[in-house]
Amino acid sequence: MGPLDMVSLILVVSGLVFFAAGSLGMLRFPDVYTRLHALTKADNLGLGLVALGLILQAGSLPLVLKLVLIWLLVLFSGAAACHLVAQRALTQGEPESEAGADPARQPRGREGRG
Amino acid sequence: MSPWQAGLLLAFDLTLVLTLLGVAWQLLRGVNLFRSVVLFIAFGLLLSLAWVRLQAPDVALAEAAIGAGVTGALLLVALGRLRRMASGRHGGEGS
Amino acid sequence: MSVAAGSKNSRRFLVTLGACLFLWWVLTEGDPGSWTLGVPLAVLAALSVFTLPAGRRYRIAWRQVLPFALSFFWQSLVGGLDVSRRAFSPRLPLRPGFIDYPVQLRRGPALTFFMIVISLLPGTLSVGLHRACVHVHVLDLGLDVQGSLADLEGRVARLFGITIHQGEAS
Amino acid sequence: MNAIWIGAALFLLLTVAAGMVRVLMGPRPGDRMLAAQLFGTAGVAMLLLLAWGLEMPALVDVALVFALLSAVATVAFVRQRGLPREGGEEP
Chain E
1 MGPLDMVSLI LVVSGLVFFA AGSLGMLRFP DVYTRLHALT KADNLGLGLV ALGLILQAGS
61 LPLVLKLVLI WLLVLFSGAA ACHLVAQRAL TQGEPESEAG ADPARQPRGR EGRG
Chain B
1001 MSPWQAGLLL AFDLTLVLTL LGVAWQLLRG VNLFRSVVLF IAFGLLLSLA WVRLQAPDVA
1061 LAEAAIGAGV TGALLLVALG RLRRMASGRH GGEGS
Chain L
2001 MSVAAGSKNS RRFLVTLGAC LFLWWVLTEG DPGSWTLGVP LAVLAALSVF TLPAGRRYRI
2061 AWRQVLPFAL SFFWQSLVGG LDVSRRAFSP RLPLRPGFID YPVQLRRGPA LTFFMIVISL
2121 LPGTLSVGLH RACVHVHVLD LGLDVQGSLA DLEGRVARLF GITIHQGEAS
Chain X
3001 MNAIWIGAAL FLLLTVAAGM VRVLMGPRPG DRMLAAQLFG TAGVAMLLLL AWGLEMPALV
3061 DVALVFALLS AVATVAFVRQ RGLPREGGEE P
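Chains as they are written, first to last, in this note's numbering: chain E, 1 to 114; chain B, 1001 to 1095; chain L, 2001 to 2170; chain X, 3001 to 3091.
Isolated chain E, as found in the complex (with noise of 0.2 Å):
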């Protein structure tokens, strides 16, 4: 195993990491919105660690394009797709969400939650 395996294999497991981390977002946080964040960053980015690892084990360079415009493409559906989802939830009620806005409030022990 040469040192680029190695950097490629810790980039992928770093990753992994990622869409662990944003699984278990997916499985914790309270609400829909929170679980949004989770899902748009930390797996996007998870994918991007996992198909860097990947680049750098790739031969040659339409491969390597060909990755990076996967990547973009999930990544830029994924946002869109999420800010839909949001504003879906936004304008057909969930009533509690306005009310996190004050700072004041603790916005914890709300419904939905588990």
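All clues given are correct.
A few chain X residues that face chain B, going by a derived Cβ cut-off under 8 Å, partial list only:
{"id": "1", "residue": "Asn-3002"}
{"id": "2", "residue": "Ala-3009"}
{"id": "3", "residue": "Arg-3032"}
{"id": "4", "residue": "Met-3033"}
{"id": "5", "residue": "Gly-3040"}
{"id": "6", "residue": "Gly-3043"}
{"id": "7", "residue": "Met-3046"}
{"id": "8", "residue": "Met-3056"}
{"id": "9", "residue": "Leu-3059"}
{"id": "10", "residue": "Val-3062"}
{"id": "11", "residue": "Leu-3069"}
{"id": "12", "residue": "Ala-3073"}
For the record, the hints were derived by calculation from the structure and aren't laboratory data.
In this text, a Cβ means the ideal position worked out from N, Cα and C, and glycines have one as well.
The hints should help you fit chains B, L and X onto chain E, whose structure is shown.
For chains B, L and X alone, coordinates are given in the frame of chain E:
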């Protein structure tokens, strides 16, 4: 193929089959139609992985495109239309 | 006038054709046998860009792409680390809430891009747009979100070659 | 090296199976839908890892289709009126 690799592949296949069966069972068992549609989309994605393991990447491609993407969207549209029709007939609020 | 417009159009056509050919090269991983199909398809695609109704025009300051990409990658790494730390932490340190950010970008590609990038940055998620305010959901109300959003808006404006009045926001 | 990629794909499959709990529990339609979105992202990563682990380069193309189509269902979900609303628990 190293024994490590064979073992990991076996574990992968078993997990995949168990998850597929579990999702299919939950999909058929539930009475909430929307939940079943979302489970169907997840089922399509997992089935596409199963085709990959059966050495058929072309079928996996078709399954991902048709099974998960397009059929999922069609089922969602059909479900929305059904609900609107039902609420219209019972004199509900409409759309 | 018309000659200038014609040469501008032909240059745009060549750039689009080049982009199509490049995309084909990437998708086929440089397989030399695929060009018999690829070249006619790329020409057709480039032609269709001109015959189909045009979308909103925008221009990108290409010199700004690399600095923007680098800061974007860094920020998205920070965002992923931040949300993972909160997910793994047993106390679940969240103070979620909504804020309104008064945006100066006009409606168009730049604003759409800005709202997508908001969702990928640490602790923020764009939810909607009312008049001139972006509705943003934040994970932690204690952070200086207004400042970092103003910073991001400035960078997006520079990427699209738009001047906005910095300093009014925040 | 191949065994490592397959192990990583197995790990991702396990995280997907854990995320399935969110689809089963809901409680709101948006929750279920975003869990399906998670499977799209994790599926792309799994396919890329399997492409190297099983030495099947064609899987990169399957991953590309996954990436293109994972948003289609979400957009259909958002655009469609008449689906269960976010406010209350659907029947």
